[in-house]
Structures are given as C-alpha cells and as structure tokens.
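Enquirer: Sequence:
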Amino acid sequence: MTTRVAIGFYATFLVAACGGADAPSPKTPVSPAPAPAAAASAPVATPSAWTLPEGPRDAEKTPPAVPAYKLETWKSAIGKVKGVPAPAAECKDWQKRTASENDEATAKKAAAGDVPPGCADAIVDRFLLDPKRGDATDETSHRLVGLSLAGRLARTAASAPVMKDASDKEKVKKFIQGPLRTWMMEQATAIDTLSAAGTTLAPAGRAIVATEAGMADLRLVDKIRSAPTPSTWDKELKAVYEAALDEALEPRKTRGRDAALVGLSDFAALGVATDARVDRARALLSKMYGGRRVDALDGLFLPKESPAIARSWPRFELGRKYWRKVDFVEAAHAAAKEEGDDARLVLALSLALAHGPNSVKDMMAAPSPATLGLDRTDALDDLAAKGGLNAGDAAYDAAYLRSLAVPDGAAASAHLTDVASRAHKAAALLTDPAKKKAAEQLATDTEAAAKATK
496 MTTRVAIGFY
506 ATFLVAACGG
516 ADAPSPKTPV
526 SPAPAPAAAA
536 SAPVATPSAW
546 TLPEGPRDAE
556 KTPPAVPAYK
566 LETWKSAIGK
576 VKGVPAPAAE
586 CKDWQKRTAS
596 ENDEATAKKA
606 AAGDVPPGCA
616 DAIVDRFLLD
626 PKRGDATDET
636 SHRLVGLSLA
646 GRLARTAASA
656 PVMKDASDKE
666 KVKKFIQGPL
676 RTWMMEQATA
686 IDTLSAAGTT
696 LAPAGRAIVA
706 TEAGMADLRL
716 VDKIRSAPTP
726 STWDKELKAV
736 YEAALDEALE
746 PRKTRGRDAA
756 LVGLSDFAAL
766 GVATDARVDR
776 ARALLSKMYG
786 GRRVDALDGL
796 FLPKESPAIA
806 RSWPRFELGR
816 KYWRKVDFVE
826 AAHAAAKEEG
836 DDARLVLALS
846 LALAHGPNSV
856 KDMMAAPSPA
866 TLGLDRTDAL
876 DDLAAKGGLN
886 AGDAAYDAAY
896 LRSLAVPDGA
906 AASAHLTDVA
916 SRAHKAAALL
926 TDPAKKKAAE
936 QLATDTEAAA
946 KATK
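Residue numbering for the sequence shown follows my numbering, beginning at 496 and increasing consecutively.
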C-alpha cells in the first residue's frame, strides 16, 4: 500500500465513520465559535498598582422564566439511541440509596456529582417516567431531564473494539470496515441524538447536557486517534497518516470543545464553583488543547479559604475555574474591604486577572498567549517587594502568570528570561519546600525556553 493510498483510505474511512468534515451540522448544544479576542492594548499608566477596576460589574437581572419542555422530546431521544452501554452494576446500589428520596433531593445529589456520572439516568428516570408527571416546567424537572441525557452521554465513546494483531494490513482494513466502523457510527449518532434533546432545556439542565456532550465528542475523537494502523508502516508514513487524521477530525473536536464551553458558561452563570462534572470537562479540554489549558490557573499559589477572605474568595474561585473577568472584578472590590495578608494576595491576583480574557471561550480563542493580558502584575510585584507573609506567593504568581503570556517572535526570549529571574527570586522568598521546588522548576523551564527561542 503506497503512502498516498494508505493515508487516503484509513484517514478518510475513519472520519467518515463518525461524521467528519462533510458530516451534517452537529446537533450538540453549541454556541457560535468565539471570535478571536482583540489584541491587548499597551498598559495604561494608573495612579496606583492597586486601583480597582471599574468593570465589568454584576448587573441586576431578573431570573428568566423556566421554559416548558415537552417530555416527549426526551422520550423520543432515549428511545432512538443505540449502542449506549447499560448502566454499570454499581448503579443498582445508587438506585437503592436514593429510592426513598424525592425528585428534588435526588436531582441535587446527582447534579452535585455525588452519584457516578454514568448512573445519573438510572436513578432519575423513575421520576420522568411517572405517568402522573407532566411536561417539565420547573428547574428541578429540567435538571432531571439533563441528568438523564447526561448519564447516557457519559457512557458513550468509552470502550472501542480492540484489535490485538495489526500486522496484516488486510485484517486491519476488515476490522476498520467492520466492528470499528459500526461502533463509531453508533456512538456518533447517539451523541448527536442525546445532545440535541438538551438544547432547549433551562440552564440548570442544559449545563449538564452540554458539558457531558462535549466530553463525549472529545472522547470519540481520542478513540479514533487510537485506532490501529498496520504495524508494517514505518514511522514517517504513520506520522503523515496521523497528521491527516487530526486535520480531518478537527471539526468534531471543535464541536466537542464548543459544547463543553457552553456547559461551562452555564455553570459559571449559575455560580457553580465546585462540581465533579466541571472538573472532568476542564481536565479533558486541557488534555485535548494543551497549548491553551483551561486549568492553567490551578497552578497559582493561593491562600487557604478562611473567614478573613469570606467575601472575596467565592468570586475569585469562580473566576479561576471559568476565566470570567467579572468574577475577578467583583473579587477585587470585595477583597479591598477585607483585612490581612491573605486578602491582599487575593486582591493582587484579582487585579492582575481582571486584565485578562472575559471568559474561558475568549481565553481559548485568543490569537496568541501574549494577547491574554496576563502580564499586568503590578499589584503582585508591589506585594512581593514589600515583603510580608505572602511575598513569596505573590512573586511566584506574578512569574507564573507571565509565563502564560509569552509574546511571539524576537520578544519571547527576553520575556522568558525575565520570568526565570522572577521565579528565582520567588524561590528565595518561599519557605515551603514544595513551593520552593515549583518556583525553581519554573525558572529552569523558562530559562531553557528562552535559550531555545534565541
């Protein structure tokens, strides 16, 4: 098999099996692709590094009315899907645990992540299938529908057929044409059908469906990438094939990303800071989009939650999870009214991040890291220079944020050298061994990167 024929057959066939670039428009609940963020403007001089940003601030909004959702839409979707594995054996135990609970208590428990994701439908379907239940007209009912759809989505694209012997190209071809193709088509159709049924749910239900649908699409892409190739292929041929496959899979990968971001945006608007489903989505997005990690802010050195920062901490955590500028602005205004070293660190971090992207979608769509606006660390620099309990944390956080905003071209080397210098200084200020080690590692990594860019 020649290089051209091998790539053309395998890449095209695999992508066609799950709906590639020429597939019909996806039904996953997505928003339009985010427009590239505008390039960050030059820093504007301010009277003080600690000047509070004017906005964006919270707007007073009347909660929208919960739309009526016809349960027939849900019933039709779950009745059509094929190839979705049955709930795991552990789900029966969860059915017993929740048997005496009402619909609201069960929905809250499942939505909070207390129940395994793939068991959600096993414990909530009994409420939706109750003959006395009408269409979904309240938040609890919308959440129940979302959980039912999400439970099934969580079990899609999980276990692809396996071929142990890939030495014979004809056997590989038959495997792809047979069991692998059947599995891919079933999974793609199931994801499309289940996710489409969640597009008209209220945010409490849509957030759950969209996030789970996005993860399902990304898992499917990952499984297709792992499909076997003849072991007789050399490294060059395999590399060319994988590049062609990645390009062909990009539409579905983008669809999965956008669906997950819709879900995360809904969770952010609902004020959900702690959620296992959100954590899984952030981890998967970071894996699939390593160059623009959704979980990058998890690497900051932060104070422990305490009464001293009770007003600012919840909004700061929302901002950290979802990259929302409004959360950092609100956290800054709250922290400015609090006392103590921890409040000053939260304030300094909030001021720095208030110059960043408006949302996680904007963060991922930014044309380059330099346009993220993460180099406005004046307050952190001031806090580090003045010493105090959190001086080392502030110095490290300033270096770390700047490491996420490396400029393109000739300016990269000088920027990275500055980050390395800052990280060394942070290490000298830090006393915690683990933090000191992390600072030195940041210095080492950025020094190596600086040399590589010269």
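FYI, nobody ran anything at the bench for these hints, they're computed from the structure. Treat the hints with caution; some may be incorrect.
As the list claims (entries may be wrong) - List time: in silico DSS-like cross-link candidates among lysine-lysine, alpha-carbon distance up to 30 angstroms:
| hint | residue 1 | residue 2 |
| --- | --- | --- |
| 1 | Lys575 | Lys627 |
| 2 | Lys570 | Lys604 |
| 3 | Lys799 | Lys748 |
| 4 | Lys669 | Lys730 |
| 5 | Lys570 | Lys587 |
| 6 | Lys932 | Lys881 |
| 7 | Lys799 | Lys659 |
| 8 | Lys666 | Lys577 |
| 9 | Lys669 | Lys575 |
| 10 | Lys799 | Lys669 |
| 11 | Lys603 | Lys591 |
Just so we're clear, the structure is a prediction, and the values are computed from it rather than from any experiment.
Enquirer: Can you give the numbers of the hints that this structure goes against, from lowest to highest?
Expert: 3, 7 and 10
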